[in-house]
Amino acid sequence: MELTRRNAIIVGAGAFVVAGLPIRAMAAASEDAIAAFTGGAEVGAGDIKLTAPEIAENGNTVPIEVASDTATEIMVLATGNPTPGVATFKFGKLAASRSASTRIRLAGTQDVVAIAKLEDGSFVKASSTVKVTIGGCGG
Amino acid sequence: MAKGVKPRVKVPKTAAAGDSITIKTLISHKMESGQRKDGDGNPIPRSIINRFTCEFNGESVVDVAMEAAISTNPYFEFEALVPEAGEFKFTWYDDDGSVYDTTKKIAIG
Numbered sequence: 001m002e003l004t005r006r007n008a009i010i011v012g013a014g015a016f017v018v019a020g021l022p023i024r025a026m027a028a029a030s031e032d033a034i035a036a037f038t039g040g041a042e043v044g045a046g047d048i049k050l051t052a053p054e055i056a057e058n059g060n061t062v063p064i065e066v067a068s069d070t071a072t073e074i075m076v077l078a079t080g081n082p083t084p085g086v087a088t089f090k091f092g093k094l095a096a097s098r099s100a101s102t103r104i105r106l107a108g109t110q111d112v113v114a115i116a117k118l119e120d121g122s123f124v125k126a127s128s129t130v131k132v133t134i135g136g137c138g139g
Numbered sequence: 001m002a003k004g005v006k007p008r009v010k011v012p013k014t015a016a017a018g019d020s021i022t023i024k025t026l027i028s029h030k031m032e033s034g035q036r037k038d039g040d041g042n043p044i045p046r047s048i049i050n051r052f053t054c055e056f057n058g059e060s061v062v063d064v065a066m067e068a069a070i071s072t073n074p075y076f077e078f079e080a081l082v083p084e085a086g087e088f089k090f091t092w093y094d095d096d097g098s099v100y101d102t103t104k105k106i107a108i109g
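Each protein sequence line maps, in turn, to chains E and A. Per our numbering, the very first residue in the first sequence carries number 1; after that it's consecutive. Per our numbering, the very first residue in the second sequence carries number 1; after that it's consecutive.
It should be emphasised that the hints constitute simulated quantities derived from the structure, not laboratory data. The model shown is predicted, which means the values in this text are computed figures rather than measured ones. Where is the CB? At the ideal position from N, CA and C, for every residue including glycine. Take these hints with a grain of salt, some might be off.
[Stated by the list, open to error] In silico DSS-like pairs for lysine-lysine, Cα to Cα no more than 25 angstroms straight-line: (1) A/24 x A/105; (2) E/90 x E/125; (3) A/89 x E/93; (4) E/93 x A/24; (5) E/93 x E/131; (6) A/105 x E/90; (7) E/90 x A/10; (8) E/131 x E/49; (9) A/89 x A/104; (10) A/105 x A/30; (11) A/89 x A/24; (12) A/3 x E/93; (13) E/93 x A/30; (14) E/93 x A/37; (15) E/90 x A/24; (16) A/30 x E/90; (17) A/30 x A/6; (18) A/6 x A/104; (19) A/24 x A/10; (20) A/104 x A/37; (21) E/90 x A/89; (22) A/3 x A/24; (23) A/3 x A/30; (24) A/37 x A/3; (25) A/3 x E/49; (26) A/24 x A/104; (27) A/105 x E/93; (28) A/30 x A/10; (29) E/90 x A/3; (30) E/125 x E/93; (31) E/125 x E/49; (32) E/90 x A/6; (33) A/104 x A/3.
[As the list claims (entries may be wrong)] Residues from chain A shown here face chain E by an in silico Cβ test under 10 angstroms; the list is partial: (34) 31; (35) 68; (36) 79; (37) 80.
With the hints as constraints, model all of the structure from the sequences given.
Structural data, given as structure tokens:
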């Protein structure tokens, strides 16, 4: 193919679309995960607290904590990971508080999102940006 | 079955009836995420623990669905109510079908 101005524009546009894909695909994956959890219901703000460090030196183990007073289930998503799912906590009858902490992997600087299903059936969301110095998903 | 899997759980020995206690659990497991590659550039297959449950006398305390983004040696901390003396049962479910469990007794006093 001769490199004319027209061809150069076409190739350039193609490269742009390909480069744009992963980011869009990731955002779509977290949106799909949220939709699967909420069943398409609206997600508001409210009784959910997500505690995560502002800066994590090592993305392999980032301590996080989720807490809520009235949640029955809390889902945690890492929106910038190759697969956004992190964990879903279901609290049973004998859970003294609707809170839990764990350690997660983050591939890079990104938003961590927690979505809680409350006792009244509504959904609330909290998010926190974590800066990651060394990514935790391996090359 | 993944090698060297050892569950560790920290539960107080006694509690007052109706009290809430903090439980800490840790299980040694590689939690291979499926994203890493070996020296030849071949992806290492995913091998993680995908579910953790804690029960007290058969009643659920917490049930966690885990994905690949949980760190190596999964750690959980949560709170449980102790209505009576009994036994906590902790169970971890591995991708390969293995089930690891451990129990802890708690007395009222």
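Results for each hint:
Note on residue 24 of chain A and residue 105 of chain A: the hinted pairing holds, with a Cα-Cα distance of about 15 angstroms set against a maximum of 25 angstroms. Between residue 90 of chain E and residue 125 of chain E, the direct Cα distance comes to roughly 16 angstroms. Compliance with the 25 angstroms bound is thereby established for this hinted pair. Proposed proximity of residue 89 of chain A and residue 93 of chain E is supported: the alpha carbons are some 15 angstroms apart, at most 25 angstroms. The straight-line distance between the Cα atoms of residue 93 of chain E and residue 24 of chain A is roughly 18 angstroms, inside the 25 angstroms bound, and the hint therefore holds.
For the hint linking residue 93 of chain E to residue 131 of chain E, the alpha-carbon distance of about 36 angstroms lies beyond 25 angstroms, and the restraint is violated. Among the hinted pairs, residue 105 of chain A with residue 90 of chain E is consistent with the structure: their alpha-carbon atoms are about 23 angstroms apart, no more than 25 angstroms. Between residue 90 of chain E and residue 10 of chain A the alpha-carbon distance is near 20 angstroms, which keeps this suggested pair within the 25 angstroms criterion. The straight-line distance between the Cα atoms of residue 131 of chain E and residue 49 of chain E is roughly 19 angstroms, inside the 25 angstroms bound, and the hint therefore holds.
Taking the CA atoms of residue 89 of chain A and residue 104 of chain A, the gap is about 7 angstroms. The hint holds against a cut of 25 angstroms. At roughly 28 angstroms between alpha-carbon atoms, residue 105 of chain A and residue 30 of chain A are farther apart than 25 angstroms, so this suggested pair is violated. Distance hint between residue 89 of chain A and residue 24 of chain A is fulfilled; the C-alpha atoms sit about 13 angstroms from each other, no more than 25 angstroms. This hinted pair does not check out: residue 3 of chain A and residue 93 of chain E have alpha carbons roughly 34 angstroms apart, beyond 25 angstroms.
For a cut-off of 25 angstroms, the pair hint linking residue 93 of chain E to residue 30 of chain A is broken: about 31 angstroms separates their Cα positions. Our distance criterion of 25 angstroms between C-alpha atoms is broken by residue 93 of chain E and residue 37 of chain A, whose separation comes to about 42 angstroms. Annotation: proposed proximity of residue 90 of chain E to residue 24 of chain A holds, straight-line Cα distance about 17 angstroms (limit 25 angstroms). About 24 angstroms separates the Cα atoms of residue 30 of chain A and residue 90 of chain E, which keeps this hinted pair within 25 angstroms; it holds.
Between residue 30 of chain A and residue 6 of chain A the CA atoms are separated by roughly 11 angstroms; this keeps the pair inside 25 angstroms, and the hint holds. The suggested pairing of residue 6 of chain A with residue 104 of chain A holds, with an alpha-carbon distance near 15 angstroms, which does not exceed 25 angstroms. Between residue 24 of chain A and residue 10 of chain A the CA atoms are separated by roughly 5 angstroms; this keeps the pair inside 25 angstroms, and the hint holds. Restraint check: the Cα-Cα separation between residue 104 of chain A and residue 37 of chain A comes to about 38 angstroms, which exceeds 25 angstroms; the hinted pair is violated.
For a cut-off of 25 angstroms, the pair hint linking residue 90 of chain E to residue 89 of chain A stands: about 16 angstroms separates their Cα positions. Restraint check: the Cα-Cα separation between residue 3 of chain A and residue 24 of chain A comes to about 22 angstroms, which is no more than 25 angstroms; the hinted pair holds. A hinted pair counts as satisfied when its Cα atoms are at most 25 angstroms apart, and residue 3 of chain A with residue 30 of chain A qualifies at roughly 9 angstroms. A C-alpha spacing of about 20 angstroms is found between residue 37 of chain A and residue 3 of chain A, which places the hinted pair at or below 25 angstroms, so the restraint holds.
A C-alpha spacing of about 36 angstroms is found between residue 3 of chain A and residue 49 of chain E, which places the hinted pair above 25 angstroms, so the restraint is violated. Of the pairs offered as hints, the one joining residue 24 of chain A and residue 104 of chain A holds, with about 12 angstroms between alpha carbons and a cut-off of 25 angstroms not exceeded. Proximity of residue 105 of chain A to residue 93 of chain E is assessed by CA-CA distance (about 19 angstroms); at most 25 angstroms being required, the pair is judged to hold. Under the criterion of a C-alpha separation no larger than 25 angstroms, the hint pairing residue 30 of chain A with residue 10 of chain A is consistent with the structure, at around 21 angstroms.
Our distance criterion of 25 angstroms between C-alpha atoms is broken by residue 90 of chain E and residue 3 of chain A, whose separation comes to about 28 angstroms. Proximity of residue 125 of chain E to residue 93 of chain E is assessed by CA-CA distance (about 23 angstroms); at most 25 angstroms being required, the pair is judged to hold. Between residue 125 of chain E and residue 49 of chain E the CA atoms are separated by roughly 9 angstroms; this keeps the pair inside 25 angstroms, and the hint holds. Restraint check for residue 90 of chain E and residue 6 of chain A: the C-alpha separation of about 24 angstroms stays at or below 25 angstroms, so the hint holds.
With a C-alpha separation of about 23 angstroms, the suggested pair residue 104 of chain A and residue 3 of chain A falls inside the 25 angstroms cut-off, and the hint holds. Annotation: interface hint on residue 31 of chain A holds; nearest CB of chain E at approximately 8 angstroms, less than 10 angstroms. Contact between residue 68 of chain A and chain E, as hinted, is supported at the beta carbon level, the nearest pair being about 6 angstroms apart and thus within 10 angstroms. Below 10 angstroms, beta-carbon pairs count as interface contacts, and residue 79 of chain A has one with chain E at about 4 angstroms; its hint therefore holds.
Taken as an interface hint, residue 80 of chain A checks out: its beta carbon lies about 5 angstroms from the nearest beta carbon of chain E, inside 10 angstroms.
When the structure is compared with the earlier hints, violations turn up for hints 5, 10, 12, 13, 14, 20, 25 and 29 and for no others.
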